[in-house]
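Asks: Chains U and C, in that order, give the protein sequences. The first sequence begins at 64 in our numbering and counts up by one. The second sequence begins at 64 in our numbering and counts up by one.
Treat the hints with caution; some may be incorrect.
Same chains, same label: a pair holds when it works inside one copy or across any pair of copies.
Only pairs whose alpha carbons sit at most 27 angstroms apart, straight line, appear in this in silico DSS-like list of lysine-lysine [as the list claims (entries may be wrong)]:
#1 LYS206 with LYS470
#2 LYS583 with LYS567
#3 LYS599 with LYS125
#4 LYS602 with LYS206
#5 LYS206 with LYS599
Just so you know, the hints here were simulated from the structure itself, not pulled from any lab data.
There are 2 protein chains.
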Amino acid sequence: MAARQQLTPVLRRLRLLKISPHTARHTGLQRTLTPPAARYLSSTVPRHFQPTGPAPAAAQSKLTSETYPDIKRDPRFAQLTEAHVAHFQQLLGTYSAVLDGVTRSDTADDIEPFNTDWMRKYRGQCRLVLRPRTTEEVSRILKYCNDNMLAVVPQGGNTGLVGGSVPVFDEIVINMARMDNIIEFDEVSGTLVAEAGCILEVVDQFLATAGYIFPLDLGAKGSCHIGGNVSTNAGGLRLLRYGSLHGTVLGIEAVLADGTVVDDLCKLRKNNTGYDLKQLFIGAEGTIGIITKVSIQCPQRSPAQNVALFGLSSFEQAQQAFREAKGQLSEILSAFELMDDGSQALVRQVTGNKRPLEDTYPFYCLIETSGSNADHDSEKLQAFLEDVMEKGIVADGTLAQDETQIKSLWAWREGITEALSHLGGTYKYDVSIPLKELYQLVEDTRARVDEAGLLGDEDEFPVRAVVGYGHMGDANLHLNVSTRRFDERVEKVLEPFVYEWIAKRQGSISAEHGLGVMKKKYIGYSRNPTMVGLMKNIKTTFDPNGILNPYKYL
Amino acid sequence: MAARQQLTPVLRRLRLLKISPHTARHTGLQRTLTPPAARYLSSTVPRHFQPTGPAPAAAQSKLTSETYPDIKRDPRFAQLTEAHVAHFQQLLGTYSAVLDGVTRSDTADDIEPFNTDWMRKYRGQCRLVLRPRTTEEVSRILKYCNDNMLAVVPQGGNTGLVGGSVPVFDEIVINMARMDNIIEFDEVSGTLVAEAGCILEVVDQFLATAGYIFPLDLGAKGSCHIGGNVSTNAGGLRLLRYGSLHGTVLGIEAVLADGTVVDDLCKLRKNNTGYDLKQLFIGAEGTIGIITKVSIQCPQRSPAQNVALFGLSSFEQAQQAFREAKGQLSEILSAFELMDDGSQALVRQVTGNKRPLEDTYPFYCLIETSGSNADHDSEKLQAFLEDVMEKGIVADGTLAQDETQIKSLWAWREGITEALSHLGGTYKYDVSIPLKELYQLVEDTRARVDEAGLLGDEDEFPVRAVVGYGHMGDANLHLNVSTRRFDERVEKVLEPFVYEWIAKRQGSISAEHGLGVMKKKYIGYSRNPTMVGLMKNIKTTFDPNGILNPYKYL
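All chains, please: the whole structure from these sequences, using the hints.
Replies: In structure tokens form, the structure reads like this:
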């Protein structure tokens with residue numbers, strides 16, 4: 064980066080405040096590529112509570128059917144028999160493609176990982192896992208299941224956060240991991256076609272060799288499947304720059320409940336011939352079909368990257384800074400993240416790291432730029448920083464000077480989740496709110512918890528802090544309520560208050576995590592009855608027997 | 064632009080070749096903002112033939128029902144009565160909201176523009192035009208129509224190219240022009256909410272005052288409605304940069320056939336709560352509901368713009384140039400257009416203008432960059448041009464030095480349609496093909512026409528030229544067959560050959576124009592029976608009586 068050579072007086076002052084490489088190397092926080100391992104049993108806590116803390120290694124999570132006693136097994140679904148298993152064994156041929164817990168008693172340990180989500184918050188009772196290797200196999204599996212009323216759960220990398228990728232009862236798991244071929248990549252157009260079971264990071268590394276990137280990046284990239292990403296309409300870190308999967312996915316191949324293969328594996332950017340049906344599958348969480356292949360438009364990789372972090376006195380100023388960043392950094396802006404002081408104080412408390420800025424501020428923003436020319440990008444970023452400091456929008460800031468410092472600054476944003484997990488249980492809400500009121504939710508929630516006498520520094524108060532952070536560029540807020548212990552009063556103060564607050568602002572109760580089991584009941588806070596009714600029509604049209612991922616979504 | 068001050072030796076040579084401002088002012092071709100007026104009667108030519116040439120001002124086009132005698136009026140639909148008209152008059156109140164040709168005989172001239180498309184290629188027989196001003200009015204109109212089996216045609220700016228926005232028989236036209244309010248714009252997030260009848264250019268000019276642009280630009284911007292843009296999933300000039308409407312539209316409000324108002328007017332970038340139903344309405348051409356409001360993500364306006372045009376020896380090199388442009392210009396690349404020499408020769412022949420480059424080449428590419436810093440952009444573009452010339456990818460090129468030259472260079476691309484229209488009738492195909500084979504269609508078609516003895520420079524040959532040009536960045540080709548006169552042999556040589564050729568490459572027979580009446584029958588060339596079957600299910604689910612835009616689309 065050419066930043067060093069071109070510093071202006073304002074920026075020279077900035078540099079005095081920058082974190083040293085030494086500090087950066089010892090932050091102990093890394094840009095997390097995989098979700099932190101769950102450390103807690105959910106058996107003792109209520110279902111909306113995000114459990115944390117150390118957990119006995121061999122302990123079993125509570126069954127989802129126990130956590131949600133109001134969900135009953137649908138009696139229309141058949142019970143698995145030896146004949147069913149024999150059919151699937153013949154169909155899939157190899158032993159490794161069928162994990163059989165129906166006729167064998169020694170497979171429980173093998174099947175367990177397919178029954179449990181990575182947070183160990185949801186746990187199903189499936190006794191049969193099928194691992195097809197071709198679309199044809201998926202088709203034959205589903206046709207048989209549909210004919211025999213056997214419920215199924217499509218499963219990708221099983222990195223979801225709402226219990227969507229594991230069974231509730233004895234649904235058959237159809238795990239897509241063996242469909243992991245990259246089918247083709249066109250280096251001129253940037254169009255990639257790959258099977259659903261490809262791991263995001265593997266695909267991204269493949270694209271890197273050709274100078275491209277996958278237009279999606281998220282913490283779970285080392286485990287999640289691109290089929291799962293599309294099925295859950297994953298958002299992540301690159302959305303601000305490259306837009307949502309609804310814009311970048313060009314086509315899909317999917318298998319319907321009755322085994323019909325829907326070949327919409329279009330590789331074209333423009334195709335106005337009829338309803339864009341693939342869009343329904345994007346974010347459907349496997350409820351209307353199983354995505355088997357994906358065609359997607361990949362952007363060129365940007366060779367230059369810069370990261371800056373700055374402090375602001377108010378949320379009003381954070382909005383001004385965002386507006387200026389969009390205007391001045393425009394085409395090179397690739398992330399604009401917001402952190403409140405509460406969240407940064409928790410990171411500091413847990414890591415003991417020196418803060419990047421000398422003083423503390425009510426808000427911090429992290430800006431990332433990605434472009435094709437490092438000198439140009441540095442120049443733009445410096446001009447922007449000078450401008451916002453001169454205008455008094457930004458109180459103080461620092462610009463990363465190398466890759467280590469870039470990681471270190473990102474750690475103050477991405478380390479929040481981990482820091483919270485060290486401190487006790489957390490109520491987590493992933494919401495979208497119109498930008499103007501984005502932070503108001505945190506303030507109103509904090510005031511409400513405080514008024515109820517539940518918030519304080521001393522151990523007698525169950526709530527340690529109410530903090531907010533998130534993808535400001537996408538109006539996506541993570542509201543986190545950090546607690547010292549479970550206290551029923553806290554949940555009563557929070558819910559349905561938070562959902563009602565969001566509904567009043569026409570926000571979304573699930574910005575990027577989806578519905579799954581967790582938010583199935585709350586869809587009404589973000590969608591009106593007309594919309595939900597139409598969605599139910601769609602579900603019935605595509606899956607009349609309801610065998611696909613039951614008990615979830617709608 | 065700083066281009067002038069920073070020219071390298073290679074570029075100094077380039078500048079010698081640049082068109083002079085004088086030449087530019089006299090090209091006679093302008094960047095067309097509105098579609099050229101139609102000049103021909105379609106009564107004497109077959110339906111797939113794009114008619115051109117002067118037409119008597121008061122002449123009447125041929126009725127669509129005559130051009131397509133195999134389309135019969137659906138007898139399930141009721142005939143309009145005085146009682147129906149009286150009901151609508153009471154409902155909409157003002158006289159100007161109801162153009163009544165049922166009980167009055169003096170309204171034929173007023174109604175005619177609503178019956179005829181702008182090319183005067185399609186003409187319906189509607190006798191009632193309704194012009195609602197609110198969603199509530201649209202709802203009440205549709206409920207009544209659905210209850211009384213009255214077919215309707217939703218109509219925006221009526222600038223479509225496939226006959227989708229005018230009636231075929233006596234369908235009631237619901238014209239949206241009076242719903243033209245901009246409802247709100249958030250200057251921080253860039254989210255615009257506006258009524259469907261807003262004219263694209265008006266909205267774009269409104270956004271300009273706030274430093275934003277509408278993420279869509281097209282020739283018909285002075286007339287087309289944003290509701291129509293969304294309903295037809297318009298592509299246009301900015302798609303390469305800002306992606307399709309499937310990615311930028313955040314929400315819609317629509318009215319279903321039975322009058323149900325679907326309020327999905329989400330203003331959030333992220334909302335993973337159920338099926339993304341709005342996507343079905345994007346590109347549905349008014350067949351499942353009438354879009355009444357749109358919420359859309361608008362990007363910041365780029366202050367700097369550069370345009371270059373260069374000559375290449377082969378399509379292979381055009382692909383290489385595109386690849387290099389994506390890599391080196393990356394985030395500032397806003398257009399990459401392809402023109403073959405045949406198309407440029409026609410422009411030269413009609414306008415008599417001096418070509419921008421001294422020599423002729425088999426292919427020409429036009430590159431546009433849009434960015435936030437003029438100096439940076441010029442530097443990138445110059446470095447790119449040096450690089451592609453040094454590598455021998457590009458044979459010669461010119462860089463526009465001012466706004467006049469920018470317009471002049473664009474005229475060589477955008478003037479093709481107008482040039483063709485001066486020379487006789489044209490068979491026009493708007494198709495998507497995987498990039499590698501994009502131009503092969505032109506070569507194969509030309510060879511086929513030639514082999515049939517139909518192509519030649521002398522008047523005895525009905526075909527003057529087979530040319531190709533288009534949005535190379537989007538793999539969207541316009542194949543044009545320029546003829547001297549109508550000759551049945553030409554149509555037989557072209558069809559179904561072109562559609563079959565496209566189908567074999569899994570291309571799209573309609574990249575951006577949609578299906579309408581014109582391509583309803585050909586959807587099978589781009590969509591398999593499974594997809595078409597699912598689409599028909601969707602249509603039935605949303606519009607069981609089939610009153611919305613009948614005889615079209617599927």
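Asks: Any of the earlier hints contradicted here, and which numbers?
Replies: 1 and 3
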